[in-house]
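**Student:** So the chains spell out like this:
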Amino acid sequence: MSHARANQKGHIGHYVIMVVLAAFFLFPLAYMFASAFKADDAVLGGSDSLGAFLPSPWVGLDNFRDAVERASFPRVFLNSVIISGSIVALGLVVNSLFGYALSRMRFAGQRLLVIGVIALIIVPFEALAVPLLYLSASLGWLDTYHVQILPFVASPLFIYLFYSFFLNIPVSLEEAARVDGAGPVRIFVSVVAPLAKPAYATVAILGFLFSWGQLLWPVMVTRGVDVRPLPLGIGTFMTTPPVQWGDIMAYAAMMTVPLVIIFLIFQRYFVRGVAATGVKG
Amino acid sequence: MSRTRRKRPGQAATAWAFSAPGLLLLAAFMVLPFALALGFSFTNERLISPLPTRFVGLDNYVSVLTDATFWRALRNNAVFVLVVVPVQTTFALWLAVLVNRRLRGSIFFRSVFFLPVMTVMAAAAVVWTLLFHPRGLVNAVMELVTFGAFSPDWLNSTTWALPAIMIVSIWQGVGFQMIVLLAALQDVPDQLYEAAALDGATGWQQFTNVTLPGIRNGLIFVITVTTIMAFRLFDQVWIMPRTPGGPLNSTRTVMLEMVETGFGQQQIGRGSAIAVVFFLIVLLVTLVQRLFLRERREGS
Numbered sequence: 001m002s003h004a005r006a007n008q009k010g011h012i013g014h015y016v017i018m019v020v021l022a023a024f025f026l027f028p029l030a031y032m033f034a035s036a037f038k039a040d041d042a043v044l045g046g047s048d049s050l051g052a053f054l055p056s057p058w059v060g061l062d063n064f065r066d067a068v069e070r071a072s073f074p075r076v077f078l079n080s081v082i083i084s085g086s087i088v089a090l091g092l093v094v095n096s097l098f099g100y101a102l103s104r105m106r107f108a109g110q111r112l113l114v115i116g117v118i119a120l121i122i123v124p125f126e127a128l129a130v131p132l133l134y135l136s137a138s139l140g141w142l143d144t145y146h147v148q149i150l151p152f153v154a155s156p157l158f159i160y161l162f163y164s165f166f167l168n169i170p171v172s173l174e175e176a177a178r179v180d181g182a183g184p185v186r187i188f189v190s191v192v193a194p195l196a197k198p199a200y201a202t203v204a205i206l207g208f209l210f211s212w213g214q215l216l217w218p219v220m221v222t223r224g225v226d227v228r229p230l231p232l233g234i235g236t237f238m239t240t241p242p243v244q245w246g247d248i249m250a251y252a253a254m255m256t257v258p259l260v261i262i263f264l265i266f267q268r269y270f271v272r273g274v275a276a277t278g279v280k281g
Numbered sequence: 001m002s003r004t005r006r007k008r009p010g011q012a013a014t015a016w017a018f019s020a021p022g023l024l025l026l027a028a029f030m031v032l033p034f035a036l037a038l039g040f041s042f043t044n045e046r047l048i049s050p051l052p053t054r055f056v057g058l059d060n061y062v063s064v065l066t067d068a069t070f071w072r073a074l075r076n077n078a079v080f081v082l083v084v085v086p087v088q089t090t091f092a093l094w095l096a097v098l099v100n101r102r103l104r105g106s107i108f109f110r111s112v113f114f115l116p117v118m119t120v121m122a123a124a125a126v127v128w129t130l131l132f133h134p135r136g137l138v139n140a141v142m143e144l145v146t147f148g149a150f151s152p153d154w155l156n157s158t159t160w161a162l163p164a165i166m167i168v169s170i171w172q173g174v175g176f177q178m179i180v181l182l183a184a185l186q187d188v189p190d191q192l193y194e195a196a197a198l199d200g201a202t203g204w205q206q207f208t209n210v211t212l213p214g215i216r217n218g219l220i221f222v223i224t225v226t227t228i229m230a231f232r233l234f235d236q237v238w239i240m241p242r243t244p245g246g247p248l249n250s251t252r253t254v255m256l257e258m259v260e261t262g263f264g265q266q267q268i269g270r271g272s273a274i275a276v277v278f279f280l281i282v283l284l285v286t287l288v289q290r291l292f293l294r295e296r297r298e299g300s
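For the protein sequence lines, the chains are A and B, in the order given.
Residue numbers are given in full-length UniProt numbering: position 211 of the first sequence equals residue 211, and the series is strictly consecutive.
Residue numbers are given in full-length UniProt numbering: position 173 of the second sequence equals residue 173, and the series is strictly consecutive.
In short, the hints are calculated from the structure, not lab data.
Hints may be right or wrong, so weigh each one.
Derived coverage of chain B by chain A (criterion: at least 3 residues anywhere in the stretch with Cβ under 8 Å from a Cβ of chain A; other residues may be distant) [what the hints assert, rightly or not]:
no.	stretch
1	219-233
2	245-253
3	267-275
Please read all numbers here as calculations on a predicted model, not as lab measurements.
Note that the Cβ used here is the ideal one computed from N, Cα and C, for glycine as well.
Generate the whole structure from the sequences, applying the supplied hints.
**Tutor:** See below:
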């Protein structure tokens, strides 16, 4: 398929197809960004032509200003940063340590734990949401940060990704460090973890992606704006009339940009990480 | 691996220390709630209620399984899975093959195709709600292409609301599958293609005889994950249609049903029963898929 001898004519057709596809993937985003700079009534009014992609009539940052004020944006943004940041940071540590122990150390029950973790991958969070809500309510945890963080730190999928990745790291490197007198923590921190950068990057991107977009659980466990994350703000805009599309688009854009930046930062490792972890069975 | 590992004194203690945080969290937030869900599903537990909790046997299950709305939701889930999984997987494979060619710009296009994955579904759903507006961009294109013959009110139509949600879901999710399949494609050794070419295999024959078997595990991973995600459909159906469940429940899903019961009406017992039924369905589907799609392991 990929192969060197493809002819020039093939290339042109290939690029045409890719450009058309790129348009399909980009147009909703282009529309979102253009609309974020338009007057509210012009967003819908002008959406039946190419004008939909022009930020005109240009209202500058008005929509962004409105969105920031109406949705207490700084607050919910900070909440999202705290929640997603904690989930990712704690998760990287907890899941990689667990994955490492499962892949490299021998202890009673180890095989059983590996099977247990794999089995837990298919348990969808949604199937646990109702009893978790009950638990959280009886512990008095509603409307807190930790109720939105703790349930998502340990992830069977990420433990498994780390486990598979560590299996492929040559044991000899650790042996060498051990001969030099390094203890298990030292070996993990200075030998193993640096080798596992692609796995960490993959888990960081995916973890951030999952938690940044979360809707279901925050809807269930939060009431006020104090601890609510970003995606819930969209609901506020949609349900408080008049629906101001310009503001909504500005809000959506502000929600999307941080993820795109995170992706661009880690992108280098991402494909390699997925290759090395998810699919090699 | 295990052959090269030797037992060292104190290793078990270290292993448990490394595993403990993860184990405790999994026990507290997955195993315990699952056990609770099972327990609650046989009671009339409510979130806030003066009434004492009573054991009601299979009442919750009977009431869920005899509720036409639940079956409607399950049917919508099934239709969604049956359409989205094959369409999205095929599309993702095609994209992966396209960006796997060593041409200038491949990496750029790969990132573009992946970009929707990096959007928050709530934001994407709002944008697409506008695009699917009767006077929106999608219909402008539809009218142009069909000379005005086809421009439904997508999200208010019992026929077109679910397809609209399928389009959004595929747009957002296909890039992830593409990346996984791309990683699998890059693992297929070039020599296999060269050998096939020497034997006179056409491009299509190379694809079916070299590429597909070579990325088998990646494909299975993608199909399994997409199926599970498709059953979990919630965000789009919660945000996009104007009424909960969509026009005449045509976009109601099991997750929406569970949230409305367990959270909206605070019926923990009944909501738990829905959660257990949902888990059993996903488990069953996953097991059936495993039966048909066996992974191939190197050297076995």
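**Student:** To test your reading of the hints: which numbers does this structure violate?
**Tutor:** Result: hint 2 breaks, nothing else.
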